[in-house]
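Asker: Please model the complete structure; the sequences and the hints are all you need to start from.
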Amino acid sequence: MKIILNGEALETSAADLAELLRERGFGPKVATARQGEFVPAGLRAATPLAEGDRIEVLAPMQGG
Amino acid sequence: MALFYGVEVESPLMLGTARYPSPAVLAEAFRASGAGIATVSLRREQGGGQDFWALVQSLGVRILPNTAGCHSLREAVTTAHMARELFDTPWIKLEVIGEADSLQPDVFALVEAARILVEEGFEVFPYCTEDLVVCGRLLDVGCRVLMPWGAPIGSGLGLNNPYGLRSLRAHFPEVPLVVDAGIGLPSHAARAMEMGYDAVLLNSAVALAGDPVGMARAMALAAEAGRAAFRADPMEPRDMASPSTPVLGKAFLS
Chain A
991 MKIILNGEAL ETSAADLAEL LRERGFGPKV ATARQGEFVP AGLRAATPLA EGDRIEVLAP
1051 MQGG
Chain B
78 MALFYGVEVE SPLMLGTARY PSPAVLAEAF RASGAGIATV SLRREQGGGQ DFWALVQSLG
138 VRILPNTAGC HSLREAVTTA HMARELFDTP WIKLEVIGEA DSLQPDVFAL VEAARILVEE
198 GFEVFPYCTE DLVVCGRLLD VGCRVLMPWG APIGSGLGLN NPYGLRSLRA HFPEVPLVVD
258 AGIGLPSHAA RAMEMGYDAV LLNSAVALAG DPVGMARAMA LAAEAGRAAF RADPMEPRDM
318 ASPSTPVLGK AFLS
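Protein chains in written order, with my numbering: chain A, 991 to 1054; chain B, 78 to 331.
A couple of the hints might just be wrong.
What the hints assert, rightly or not - Some chain B residues close to chain A (C-beta under 8 Å, calculated; not the full set):
1) Ser118
2) Leu119
3) Thr206
4) Ser281
Unchecked claim - Short derived list, chain B residues pointing at chain A, Cβ under 7 Å:
5) Thr94
6) Ala95
7) Ser99
8) Thr116
9) Glu122
10) Gly126
11) Trp130
12) Arg139
13) Ala145
14) Glu162
15) Leu163
16) Asn280
17) Lys327
18) Phe329
Honestly, the hints are just simulated from the structure, not real lab data. For each residue, glycine too, the CB sits at the ideal point set by N, CA and C.
Answerer: Given below as structure tokens:
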């Protein structure tokens, strides 16, 4: 299925958000959102992906 | 010593982590500044996030995540939720930007976002203007720290409205106050501290200096000097001269 991950369209076979993170090789220090809503780490495996989902995976970054 | 939500912080400097020429210079600048609090952000993971986190952890300072770049209430609140999980802290530097050129806060959305986040248990550090009424509303909804701007973010213009910042200090003598944004020179930092502010938060002034480590040291000295001066109760200025050397006992020599 096609989803949008961090603004880029891609094809994935991951069934849920936790699986997507594993598939894409993200490090442990990330926070996630689906369709603009925060998804806590504990709920990623219970968050199924659907065609066209917008997923954000954020990490610590420089800031002022 | 400043007290932010029950946490005593010795240094009057809060330092940002952005725009340094290299991670090594960032770390060295932090050591030179003695800053006790580092601001950080959340951005899309593009490969650098995990290393950056390791670097920040090595600084041994308290983390203050921001909601920089958020232009709406919803964005800011969601970013705060993500920051709380990612950084494992209830602290949030709440920014809701209202105008793109000046990066002036949208104070209406800011107050509403602060209300929501305080109810959810966050300890909010609102990036605000020096407006007394807005600051009063932020306190009403449960903020226990205020962070008025000195000047637009990244401008280095200093304290654009010293009168407003002084009034704020006088109106809220018990509230920890931090000048956030606009500091360009050590004299700006000293001036804020001389007014009785509890801390200054700066980033570009250090990171964009030709020698960031040297500027970090200069900022630390200035902020300390300003704080010491405030505690020493400065004299009142006056318009006319007043001789400092005694007049009595002066020889008659003409």
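Asker: Determine for every hint whether it applies to the structure shown.
Answerer: Right, here's what the structure says about each hint:
{"no.": "1", "hint": "Ser118", "result": "holds (3 Å)"}
{"no.": "2", "hint": "Leu119", "result": "holds (4 Å)"}
{"no.": "3", "hint": "Thr206", "result": "violated (17 Å)"}
{"no.": "4", "hint": "Ser281", "result": "holds (7 Å)"}
{"no.": "5", "hint": "Thr94", "result": "holds (5 Å)"}
{"no.": "6", "hint": "Ala95", "result": "holds (4 Å)"}
{"no.": "7", "hint": "Ser99", "result": "violated (12 Å)"}
{"no.": "8", "hint": "Thr116", "result": "holds (5 Å)"}
{"no.": "9", "hint": "Glu122", "result": "holds (4 Å)"}
{"no.": "10", "hint": "Gly126", "result": "holds (2 Å)"}
{"no.": "11", "hint": "Trp130", "result": "holds (4 Å)"}
{"no.": "12", "hint": "Arg139", "result": "violated (14 Å)"}
{"no.": "13", "hint": "Ala145", "result": "holds (6 Å)"}
{"no.": "14", "hint": "Glu162", "result": "holds (5 Å)"}
{"no.": "15", "hint": "Leu163", "result": "holds (4 Å)"}
{"no.": "16", "hint": "Asn280", "result": "holds (4 Å)"}
{"no.": "17", "hint": "Lys327", "result": "violated (56 Å)"}
{"no.": "18", "hint": "Phe329", "result": "violated (63 Å)"}
Hints 3, 7, 12, 17 and 18 from the earlier list are contradicted by this structure; the remaining hints agree with it.
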